[in-house]
Amino acid sequence: MIEDLLDSEQKHIALNPINSVVVESCAGSGKTWLLISRIIRTLLADVPPSRILAVTFTKKAAQEMENRLYQWLSFLAISPSLDVRSFLLERGVQEEHMDQAVVKARTLFHEVLSSRPSITICTFHSWFLNILKHGPLQSYANANNNLLEGNILVTSDVWRIFEEELVQSSKFEEKKAFEWLVKCYGLSNAKKLIENFLSKRIEWWTYSGDKKDPISSALEGLNVADNIRDINDESIRKNLHETRFIEKLQKYILLLSKFDTKTARKNIQIVEEILEKKINIQAIQILFFLFYTKASPHELKKIDSARQRKRLGNHKMHILIKLHQSIAFILSKEKEKIDQHRAYIFMSAGLVSANFYLQLFQEYKKENNLMDYADIEWRTFQLISESEQSDYVQYKLDNRYSHVLIDELQDTNPIQWNIVQTWLSSSTTGGNPIIFFGVGDQKQSVYRFRGADSRIFNMCKMYFSEKYKARVLTNDVTRRNAIDIVKLINEVFQKSSMQFNLHSSLRSDSQGRVEVLPLAEKQKDQKKKKEKWRNPLLIKEFDDDDVSRSAEAECLATKIQQIVGNWNLPDSKPVRKVRYRDILILVRNRIHLEEYEKSLIRSQIPFIGAWRGGLLRSLEILDLVSLLNFLADQTRNLDLAIILKSPIFSLKDEELIRIKSLSKDVDLWWQSLERDVKTGHATRSMCRAYQLISQWLSLVDTMPIHDLLDRIFHEGNLMERYSAATPIQFRNIVGANLEKFLEFSLLLDSGRYPSLQKFLESLFQLIQLEKENPQEALELGDQSSRDALRILTVHGAKGLEAPIVWLLDANANEQASNSKAYLPLIKWPPAAARPSHFLLSSKQEDFIKSHENIQREENEQNLIESERLLYVALTRARDVLIVSGSGELRINSWYHRISEAVSHLNLTYSDDKINAKRTPTFHGDNKNERNKRLEALPQNMQIGKREKNKNLADADFGTNLHLILEHLLPPNVGGDFFEIKRRLASVSDVNFKKLWNAAQVIIESPDMKRYVDPNNYIRAWNELSVNKKGSVKRIDRVVEFFDEVHVIDFKSGVKIFDDDMVVKEEYQRQINQYVELVSKIFREKKIVGVIIDINGNIIFRMKN
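Just remember that the numbering used here sits 48 ahead of the position in the sequence shown, which is counted from 1.
The set of hints was computed from the structure by calculation and includes no laboratory data.
Don't take every hint at face value.
Label pairs and their calculated CB-CB ranges [said to hold, decoys possible]:
| hint | residue 1 | residue 2 | range |
| --- | --- | --- | --- |
| 1 | Ser129 | Asn907 | 58 to 64 Å |
| 2 | Thr155 | Asn416 | 45 to 51 Å |
| 3 | Asn901 | Met510 | 21 to 27 Å |
| 4 | Thr155 | Leu747 | 50 to 56 Å |
| 5 | Leu911 | Ser283 | 27 to 33 Å |
| 6 | Arg154 | Ser545 | 39 to 45 Å |
| 7 | Gln373 | Ser283 | 21 to 27 Å |
| 8 | Val748 | His346 | 56 to 62 Å |
| 9 | Asp894 | Asn362 | 39 to 45 Å |
| 10 | Leu911 | Asn1039 | 54 to 60 Å |
| 11 | Leu911 | Asp755 | 45 to 51 Å |
| 12 | Ser951 | Ser803 | 55 to 61 Å |
| 13 | Met510 | Leu130 | 41 to 47 Å |
Using 30 Å as the maximum straight-line C-alpha spacing, the simulated DSS-like pairs for lysine-lysine come out as follows [what the hints assert, rightly or not]:
| hint | residue 1 | residue 2 |
| --- | --- | --- |
| 14 | Lys240 | Lys299 |
| 15 | Lys607 | Lys788 |
| 16 | Lys240 | Lys385 |
| 17 | Lys625 | Lys693 |
| 18 | Lys381 | Lys326 |
| 19 | Lys286 | Lys224 |
| 20 | Lys381 | Lys296 |
| 21 | Lys326 | Lys299 |
| 22 | Lys325 | Lys364 |
No residue lacks a Cβ here, since even glycine has one placed at the ideal position from N, Cα and C.
Build the full structure now, drawing on both the sequences and the hints.
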């Protein structure tokens, strides 16, 4: 049953601080409100602030929780008693306890601020770090290391150490293993395997546990038999019964020689070359692909054809086919053994190399007093569950906290859950059970790439229900999304692979709008360009998707300009026009973001949020990065050459050649430039460059990076110089990029890096992160005060909302995660304390059954996560959702699924230009003129709004009756009783039957007959939106006849008539307005307005 959790008995259960509760609540339902309200109720129950622990996953979320808590506590301290009573009543405080609660609430702010220690509101990592710092001395020393927030710079140093260590004679096994990987798979893939292993080091440590030989144990997970592990050429020949196998091959190529195809002659040549030597492993692999296709799964090639059968004869063809199948079967068996052997050797070499690298990585951090997030989690896990001090640490935690609250519970990873579970289990057995409160939504678990496992959420519900007698509450009522958006969400996910319950909305102020734009395609003239030859040094490779995406980008910029300042924002009080800040643009990842950002820049549309969609790859920013690199290290000759040639200094080739010629082999270019300037031989441009760079070098260690860049921009006259050097059509883009980079230097990690070297390190990490995790979000401070639209990845938008959301590039294929090659494959059942399997994999075509079994589970989880990501995207929109894509329609893409749902729901609006195919066909007048008027009439956003009835029960009955009539009346397909009931899931069974019967009475009445039967009219519309001076009116039904158009208004209330039994004047005025509006569209026809009551009778009629 769907009900509003916050207006039901469940609210009292959830907010009662004596109950352990797990709440699973949909997007936009107020989970954070609920969690902070629970903290307030806990404080009111005389629980000391120091006994409360609230944990979330990001610093930003923790800060927002803390800020809101203090705002509420301040409100309780200073607000009038009436307001405080209302506040507490809303949070479940009973009337009989209200007076006492108000008095207590007044003191909470002072109590929390003065408490030492106070409430703990933090991230998991902050909490773990605090445990380490206040734990035994052994962990305390380690926990005081510097926190390493990115491994990229460290790994480059460790690679150098790794290579040096392999040279030593004592590292024979590691050297042999790594050399084999490089020889067979290449250096880049060997490094990729080790770095991917490093990213899963917690899983490896957890898997290893107390195993004496974890590598051997992991290898057992491949299920490779002992005799296959040591397979070689000799054993292959023995298994094949080489003599008999050779005889079969000879008979085979003898028969094959009768074929007259090039393929047959080529295959005979290959077999003959193999037969000249001894059969070995390589020969088996070559032969295998003569008989099987290369594409996976490998299929047996067909050899029979009518033409060759005619040449060979039926009998010989039959023998050949038998030989073909027999040899293929033998080869497939041997190939399977070879693949297993190779997988075993690959994993053995990979684990030896990667484990050695991991040891060096940990030693490097220890020597340099560094610790990363993985270290924090692992050391906390060891301390709380496996160390000699675990009882002591658990006892300390028991005495510190009595109430634990966790936000976003669905994002927990296995090691975090193990830490929490270990502590809570010990507190239960120790007689001091914790009261637990957790909120989350499994549908919003989208961080598998960070290690989160959504299945743990179900484990949490089971664990707390069994061990803590916790109540598990669910809520599928959103306060965020407008009605049409909720309809879309229900339609898209009702047959989803993820667990989904139908949603309902509490939004009564906005019907909402869902707009699916036509797929952007390349123009005809662009199609012709592909046929021409191109110079690859001058012209970028042509890509159909890129061209189509450019068209989508232009559409984005154009439509945003139409929306901002023209559309009304429906839920604002007072109603105002849409601003840039009201629009949130979402992309699945940042890979193609550059094209969209360029279009916005060209149109001078302000935006914030993504920042790296091509910014760090643009030439002008690369120039600045080279300048900063040189200022940090004057030995970088190439960086100096780049900036001297750039518009910053604009040196000519002759001048650069002169600097090079003056430098000796041991000299630096900077020294050559300095010497030439001081001897008076340098050109004017060279002198300017030397003077400015010298000035900036003197400032490097004296000011923060933003101030340094500000000086460079001003003294170097950068904006003007780049503008002069840039073609006019690109000047806006280049200027905007330079300004963004300057702002970027201030906002990067809240501007906390004052030194140049730190900034460059962070910049390098961001560039690498963009390549490795294009879906990852980047936090760059609070910029909510700026009137600029936001561009974010879907992951980065989690927890946010906006009145208007635009989902870009929705027709794109899902990107393969890390290309699914050279990755650890880990099987960690959610109920298990450790992973059951830890395998290394190379290319997907080299997978054996053990790999495939785990990969199959991974693919299933990835598919579900893609569903969740789409859910997160759709639920960000409050009032309007716009969806666009490019290229040819891809089946099952997000765009395809959304457009199908919109079509099925018939979500159309009176100014819906994208649904031109559904424009009515007019008779007896100028069709083109009529269509122009239809398009031109509503200039503002058509969301629609019904005024609230003072009698809420009547209003709900009337609203739901209108929804049923909208589904049942043509041209809508409608649906049967159960289908429509499913769509109105929030209506009780009893009330729905009443509504259904009332709708049937209206539809079957004699007065309605001409308005229901399509044979009686030309065209009809339900819930038609029309515009009147910027406000939107929604007409229940409009029916077009040959010479008239009837405007129908259904009235379901009992107070339709005045005392003289005449239809109330306000309803007459309303239908008159509707008639006047419709007459502007159908100018050549008479407009008739009718009001129909609950019995289906016409009770008022008028003509224009």
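Numbers of unmet hints, in rising order: 5, 6, 10, 14 and 17
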